[in-house]
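Trainee: Top to bottom, those sequences are chains A and B.
Note that the numbering used here has the first sequence beginning at 12, numbered continuously upward.
Note that the numbering used here has the second sequence beginning at 12, numbered continuously upward.
Hints may contain errors.
It does not matter which identical chain is used: a pair holds within one copy or between any two.
[Stated by the list, open to error] Capping the alpha-carbon separation at 20 Å, the derived lysine to any residue pairs in SDA-like fashion look like this:
(1) Lys182 to Gly197
(2) Lys182 to Tyr170
(3) Lys182 to Glu169
(4) Lys263 to Asp180
In case anyone wonders, no lab produced these hints; they're calculated from the structure.
Number of protein chains: 2
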Amino acid sequence: MRTTMKLDGADLLDLARGAAFLGTGGGGDPYVGRLMVQQCLDDGLTVEVIDPLDVPDDALVIPTAMMGAPTVLVEKIPSGEEAIASLRALEAHFGRRAFATMPIEIGGINSTIPLVVGARLGLPIVDADGMGRAFPELQMETFGVYGISGSPLCVTNEYGDSALIHGRDNKMMEWLARGAAIRMGGCAYIAEYGMSGADMKRTSIRNTLTLAMRIGRCLREAKDRHENPFDALLRLLPDTPYSYGRIIFKGKIVDMRRETRAGFSVGRARIEGLEGWDGLMEIEIQNENLIARLDGQVRAIVPDLICIMDSETAEPITTEQLRFGQRVTVLSVAVPAIMRSPEALDVFGPKGFGLTEPFTPIESIV
Amino acid sequence: MRTTMKLDGADLLDLARGAAFLGTGGGGDPYVGRLMVQQCLDDGLTVEVIDPLDVPDDALVIPTAMMGAPTVLVEKIPSGEEAIASLRALEAHFGRRAFATMPIEIGGINSTIPLVVGARLGLPIVDADGMGRAFPELQMETFGVYGISGSPLCVTNEYGDSALIHGRDNKMMEWLARGAAIRMGGCAYIAEYGMSGADMKRTSIRNTLTLAMRIGRCLREAKDRHENPFDALLRLLPDTPYSYGRIIFKGKIVDMRRETRAGFSVGRARIEGLEGWDGLMEIEIQNENLIARLDGQVRAIVPDLICIMDSETAEPITTEQLRFGQRVTVLSVAVPAIMRSPEALDVFGPKGFGLTEPFTPIESIV
Chain A
12 MRTTMKLDGA DLLDLARGAA FLGTGGGGDP YVGRLMVQQC LDDGLTVEVI DPLDVPDDAL
72 VIPTAMMGAP TVLVEKIPSG EEAIASLRAL EAHFGRRAFA TMPIEIGGIN STIPLVVGAR
132 LGLPIVDADG MGRAFPELQM ETFGVYGISG SPLCVTNEYG DSALIHGRDN KMMEWLARGA
192 AIRMGGCAYI AEYGMSGADM KRTSIRNTLT LAMRIGRCLR EAKDRHENPF DALLRLLPDT
252 PYSYGRIIFK GKIVDMRRET RAGFSVGRAR IEGLEGWDGL MEIEIQNENL IARLDGQVRA
312 IVPDLICIMD SETAEPITTE QLRFGQRVTV LSVAVPAIMR SPEALDVFGP KGFGLTEPFT
372 PIESIV
Chain B
12 MRTTMKLDGA DLLDLARGAA FLGTGGGGDP YVGRLMVQQC LDDGLTVEVI DPLDVPDDAL
72 VIPTAMMGAP TVLVEKIPSG EEAIASLRAL EAHFGRRAFA TMPIEIGGIN STIPLVVGAR
132 LGLPIVDADG MGRAFPELQM ETFGVYGISG SPLCVTNEYG DSALIHGRDN KMMEWLARGA
192 AIRMGGCAYI AEYGMSGADM KRTSIRNTLT LAMRIGRCLR EAKDRHENPF DALLRLLPDT
252 PYSYGRIIFK GKIVDMRRET RAGFSVGRAR IEGLEGWDGL MEIEIQNENL IARLDGQVRA
312 IVPDLICIMD SETAEPITTE QLRFGQRVTV LSVAVPAIMR SPEALDVFGP KGFGLTEPFT
372 PIESIV
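Chain A extracted, bound-state conformation (with noise of 0.2 Å):
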């Protein structure tokens, strides 16, 4: 028995800001995302998810995402016609139609691109996706950590310009990719890791859709019944795969500094100690939160998720949307196991973004 869920407007403002809080402030404004999902909905189409269980082995299956600074994103509202000419490049690679298509990351904005394709084309979206969160480039994927080629990976604007790369490798493949989203605006769109429905299941973080949606659900319930947002969260993530969080620092942005370099929003936050907390919180940001240090020590590390919040109305900040002044609550997560295997962390763990100290879990850091 295959069992698909359709969305409505209400999972799709959960699912932005749960998708919001796992994109660890990169991945792009989410509710830009979701009203292209909206309009979609507006229009009359069905957006089906579909567990990943439910995905024949033997199928086809093509995520696709948006590829570029969020920076530049915001600026531009996508009418999802990018992404599907992608996955329809890819499909023509393949000589065979798509079963299904999936997000890459469910952090930011690329967890609601595959809602409009899937939308648009009538085909369902997996409930999985290949980072369990948001990262900033294309290797970064447990797909390609455990085995799967992204390449072909197809990119296209919204001027029906396209290139076609294959890489000698998943990172070569980001890097050609880079260049030509840079080359076509700063931002454009990708269908890649065409994969069976058998290797999605062996190599995705599973049903992270849902869970975007569940984060959402939960801090917008204990706002409503003015329970506290982080309370209910923490209490709620024991019954996930991301089993463990906790708050490690309350304070106040003091300084904040922020560019695009290469195709990236790179940058720095300051915060002071606020409400008992003591000392001076640094996190450093490559699009994504990466690393926390307070007065110098490691508060969590990458991949685990690091995530600032809004600490009156528990909001997730993205990192083009933090601003000196805010007041903040850091919040940082432990990530599933699939996520934390060495050939993970080889490849998104703290060296993969070049930071000399080693992953040390979340639930480990006193």
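Dock chain B against the given chain A, drawing on the hints supplied.
Mentor: The following block gives chain B in isolation, referenced to the frame of chain A:
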């Protein structure tokens, strides 16, 4: 009746010298390319050149070339397999086999890359090209000037990395392909402007492979006979579509500036007059020699040829070989009418290079 011409080692030497002349300083070192073709002959392969008028109207012709900064190329001798992979990708796209390949430009190494592809694949090489010289960018081809789409273009490097590019126009195609070539290591191999035999006949500059060989042979034979090679060359031109040429300066290089910028070799040569020639000639370079000014007055301007040759040996000197102290003779040569039409000048006339001076034919400059 279809007439073809099989090239031998002596032809290749003449071709290399003639292509160095027609390269007007750019297009890479044709002697590197000659070695690649000689290797084909040594392997028992045939280099078969076909007249453009002998190509059937409905045949598929796929031009092949190298792309990148010539300064990088000098350090990387290509195998030919990269250009073949690009041609095969275009065949797959069109769903049919190529009848022939051909040069996109007749200057420098790109006069020989298609000979290697043709020899290795058993395809004839059309005696024609799309630049009638060398130019730095891929939209600067008569194919595009007269309506042919350069897309899809395939670019491949020696590691098998590749990108199949569709640009909204030929300039965007160039922009994306250039970015890919830079990220692939600075030098890669392309197939582009796949077209019918009829379109090739309408838009190409015909018989330029044999023209390059005639120029090379003329220079060689004049030296063998102890005649003045410059005089011999200027006597040959009226018999060709390059109907006019003259010496515009003789002198000594007193200053040479050269750098690689955004994938191009950009520079400037200053030449002080000798042998009765007074003043200071300044030649501006973007891969090729673009404009020659004598004490600030234009003496020759793109697309007419500006060729810097060794005053003693009459060897054409490429941009990379220009050195302080060299004694040089500068020739300018009129290009065929197909390269001087308003549409052609729009693309590769002075304004195509950001020069403010209008095009003035060399035969009208007093």
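Trainee: Does each hint hold? Answer for all of them.
Mentor: Hint check results:
no. : hint             : result
1   : Lys182 to Gly197 : both (19 Å within a copy, 18 Å between copies)
2   : Lys182 to Tyr170 : between (26 Å within a copy, 13 Å between copies)
3   : Lys182 to Glu169 : between (25 Å within a copy, 17 Å between copies)
4   : Lys263 to Asp180 : neither (42 Å within a copy, 50 Å between copies)
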